[in-house]
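**Q** The primary structure of each chain is shown beneath.
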Amino acid sequence: MRIFVLFFLLAVFSVSYGKNIKLKDLPEELSNYYPPKSDKMEFVELMHLLSTSMTGVVANVREGDWQNAEKWAKRLQENYLKIGKMVKKWDKLLKKDDMEKLVKSVESKNKMQTMGFVQKVGKSCVQCHKSYRLSAKIKFHSPDFEGMNIEDPVSGLDYSLKDYMKAMTNDMKMMRIYLIDGKKSKARKSGFDFIKRFDGMTQMCGDCHTDKLSEKVYFGIEAEKRITALREAVVNGELTKINKQLKWLSQNNCSKCHNVHQTPYLLKEKFGGK
Amino acid sequence: MIRFFLLSVLVFTVGCDQIEALFLEEDLLQRPPSKRCSECHTKIYNQWKDSRHSVAWVSEEFIKKTKNRTKTKCLSCHAPLEIKPEEEPELRDKLKDEGVNCFSCHYRESTNSIHGPYKVFSPPHYSTYDPDYISSKICAGCHRKTYREWKTTDTDKNCQDCHMPAKKDRLIQKFPFKYFHSKKDLHNHSFPSLKAKERDFIVEIKKDKSGIILRIKNIGIPHTVPTAQQGSPKYYITLTGFLEGKDIFKDNYMLTPKSGLKPGKWKEIRFFVDPEVYKVTLTVERKLSWKNEREKVMEKSFHFD
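Going down the list, the sequences are from chains X and R. Anchor point for the first sequence: position 256 equals 256 in the working numbering, and the numbering is continuous, going up by one each time. Anchor point for the second sequence: position 292 equals 292 in the working numbering, and the numbering is continuous, going up by one each time.
These aren't lab readings, by the way, just hints derived from the structure by calculation. A hint or two may mislead.
[To be verified] Here's a subset of chain R near chain X, in silico, CB distances under 8 Å, partners left out:
{"no.": "1", "residue": "THR152"}
{"no.": "2", "residue": "SER210"}
{"no.": "3", "residue": "THR256"}
{"no.": "4", "residue": "PHE272"}
We put the CB at the ideal spot given by N, CA and C, even for glycine.
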């Protein structure tokens, strides 16, 4: 009996902890409607048109304005069918018959039937969003750091972002290690290199963060003060002060940036980056 | 003399009010390709062809940085429809490959005329004298950051004084219109990106137990160096230390537009150096956004006691 209970519990816990969360890959055609292939975001625009048309139908049916309801139903149908033309793979997922019946029921001014078909068509939207929305957000709406090069102020070479980050964090770690190991001169060199690379980040972030507020957050007066204090602490080899300034920088610069960008970027990489 | 003669003949034969109608070439006010403007303004056109403005839309650097021109907020300044003082322009639909072209800067729909810094008689198109063209404001819609930096200074120079240096010449090269105006200050439309000189900086160097502290102040350039709205121009401050005639260390510091040398402000840079050097050489170089090579700005040696 005990063995049976044990196996039962094991099975339950394996199921709860072994849950795989999958992100569905997207049809390749969809990328034609997003950067870098297109700057017009045609697919997003289509989604907005569909959403507005659906609201137009429902609102007018509720108000008993059948003339306008018909106008919006036809727009809804027209745009709904465009999905299949833009992304062939999704054509078969469309509830074309229900869409047709929705238009017909609006034309015949049948409120009950219309709302029924609105629900059926709407369900196909919900299902598609459930399967693909998160993937599309990750793949097309998060910044693409792929192929981004950044000039390394220490070596003068162009580094990939990953290599640059690795070099910068390595400087930070080595500065601490050398200080703890009593190698002050090497610690200073690593500390100075870290500061150079930290400053060098302005090359990249400024490409997108062009407004004053985001500049202030990442490269503002407070960050500058902390870097100056860090430099002094590095010169004097004061580990406690170094840690204090690094803590501030990691909370206010590194973490903020990583929390916003790194998570979607790591997921994006799973799609193959492009 | 020729000018007076030609004008007299014209006025006598057709009358003042009809001259404009007689010579008006309407397509000139319909935002034509820049080549069309070159038929009269050949010199200005040729200068513009050599400028970064003419390749603003097609430059490799721009295409790469904007992920194949999909970073939409960058686009309008690279193919603007109409430049207005201190206002971000709209992106135009046609002739984008010409980047910042003739009509971007000179045509105004509100007056249906070509705007510029002179009051001129220009029969082929309507012209409007516009004092904005002798002010930095006209550049400020796109070069916003540099303009803001410039505004913090008390300089009496504007953008055009340095980046559109003038030379006495004719605005027009086509006969007979070339004789309609006297020679004027023809402002260089290649918009040279001037290089700073040694006299533009004050440098102080001192040595302490931890290394060398270099202080540098931009006293000559009325904006941060390097400067850019976007792009990635750089300055490099390199220090070479000598001991008994041999260079024993070399260290450099890279400056970007965000960490650059602000006008009138000291910047302190620390160089880590262990050995006892008796002499250091400071080299300042720059690299323009669209170039791979560095150019030397200045070199100076300092001796320690």
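**Q** With reference to the structure, classify each hint as holding or not holding.
**A** Consistency of the hints with the structure:
1. THR152: It is violated, given that the least Cβ distance between R:THR152 and chain X is near 14 Å, above 8 Å.
2. SER210: holds (4 Å)
3. THR256: With a closest approach of 5 Å, the R:THR256 hint holds.
4. PHE272: holds (5 Å)
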